[in-house]
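Add chain B to chain A, keeping to what the hints say.
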Amino acid sequence: MSIDTTIAARVAKLARIKVEDEALPALANEFNTILGFIEQLNEVDVEGIEPMTSVTPMQLRRREDVVTDGNQQDKVLFNAPDAREGFFAVPKVVE
Amino acid sequence: MSDLNKLTLAEARDRLRAKEVTSVELTEACLAKIEASGALNAFVHKTPEIALEQAKAADARLAAGDAPAMCGLPVGIKDLFCTKGVPSQAASRILEGFLPQYESTVTQNLFDAGTVMLGKLNMDEFAMGSSNETSCYGNAVNPWRRGNDDTALTPGGSSGGSASAVAADLCLAATGTDTGGSIRQPAAFTGIVGIKPTYGRCSRWGVVAFASSLDQAGPMTKTVRDAAIMLGTMAGFDPKDSTSAELEVPDFEAMLTGDVKGKKIGIPREYHMDGMPEEIEALWAEGTAMLKAAGAEIVDISLPHTKYALPAYYVIAPAEASSNLARYDGVRYGHRAKLAAGDGITEMYEKTRAEGFGHEVQRRVMVGTYVLSAGFYDAYYNRARRVRTLIKRDFDEAFAAGVDAILTPATPSAAFGLGEMSEADPVQMYLNDVFTVTVNLAGLPGISVPTGVSKQGLPLGLQLIGRPWGEADLLNTAYALETAAGFVAKPGQWW
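Here the protein sequences line up with chains A and B, keeping their order. Counting from 1 along the first sequence, just add 1 to a position and that's the residue number in the numbering used here. Counting from 1 along the second sequence, just add 497 to a position and that's the residue number in the numbering used here.
Here chain A stands alone, though its shape is the one from the complex:
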């Protein structure tokens, strides 16, 4: 399957990365090179093989359902590009 500039633009949109129109042909080309490389996987017979979910046979641990952390508003907001009155500030989301 070949990636054209329309698909490249759609992927960039999904990834929330702004790509200028003039950069799309080169990007589509790179995708095609990488996907061409990945196509080799189609040679492998994977019939009846489970997709790996965990590389070590282990069950995720569970812990007591109790609060173990919190009351760190200052630390949570410390690195925010824009924090006001104890909140993260962002541009208008709803028209």
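Just so you know, these hints were derived from the structure itself, not from any lab. Honestly, I wouldn't trust all of these hints.
Partial chain B-side listing against chain A, Cβ under 7 Å, derived [claimed, not checked]:
1. V828
2. A851
3. T866
4. R885
We treat Cβ as the ideally placed atom computed from N, Cα and C, and that holds for glycine.
Positioned in the frame of chain A, the structure of chain B alone reads:
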């Protein structure tokens, strides 16, 4: 006392305990060397005040007789580890100015043992690269050169700053991380030792995530003994990482006997790649002969799905990266783009990520987005995860047949020149990890040991792959190989 920065961890530890040297003296020697080595661009955030404070505290502990193995030893920390109050950028513009308000478990373990942090080390952006050329800080440079040729060479990647700093004796050792070969390939390119432990051995908490099912931290050191010492301090169960293994950490150093008599060493036939340089084949044959002479039994083995490891990796790793890197949105930390009048939240995300991420990171996030998108998830992502199951099965079968360790080349070539791959397509760069990436996909421990030099005078390394949780035995086999190879070459100082 001169050249304290050239000591190994083991030598420095022994001299500290014998009161022949202090941690402050060791630390000052390294700090002076770092100041004089800007040309390598290895240290990108220096922390001399923290280092000297930690060194003084370590000297007090040593004086009181409370001295764990790493106490007082100055090391460098890869920029991927979050260190409290100290820039931790993953070599990305998007994390410019980020000051973590917490400490990663691995660095906390090191500090609890009295280890001294000299600063943060250069790397590929978000650990995505094999040459340290994707860093927002610029290239780290390999202290090794091709004889008298002054071409600047890559130290490898992604842990390129760590490799360069250890090889150039700017620090006694360094932390690295390895998702597809990012500890072992740079170690091989710079003539040092690097081990990627079994997945789950070192906590990932506080390590900036690239591909969570593959990422592991490990030490990069001058010797195998040093790797054993430092891994013992970095490793351990951590309830804050749900994939951290609840297992005892053995005394790795105590198990270095060098005795490999009767050990079965597998030589996988699929690792003889087409077009592999003759000197790499020769290095591998010599390493095989060394282990045989040391009493190991050499057996040919087959890992039939080897060829599919890189393509599977380049589906799984970008997929996980696209998900992990979604958090860089300009809201909670790091860079936010300047917005134009009328820009809303979507423009903020798109502009922030376009400005903050470098080209390779953008490319991988978008490839990951594509392979996870509706209609392609099964064809790409699920197929790659099935192939991953088969790759792990290959190793399981080799170990079930009695193989104790597997010997392979670490890299398909010696270090190449910075910029030499700039015209190549991305897949050419990815091929650097052809021998190492299988190990991440199977979650196994792997170690790179320098065993020879190329015709051009550059270091070359071999890789040993061990059983899951078998780091002690793996380190011992590596120790036997290191002893037999007797690699002592150092780069001539030009910087």
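Notebook entry, point to check: Which hints from the list above does the structure break, by number from lowest to highest?
Noted result: none
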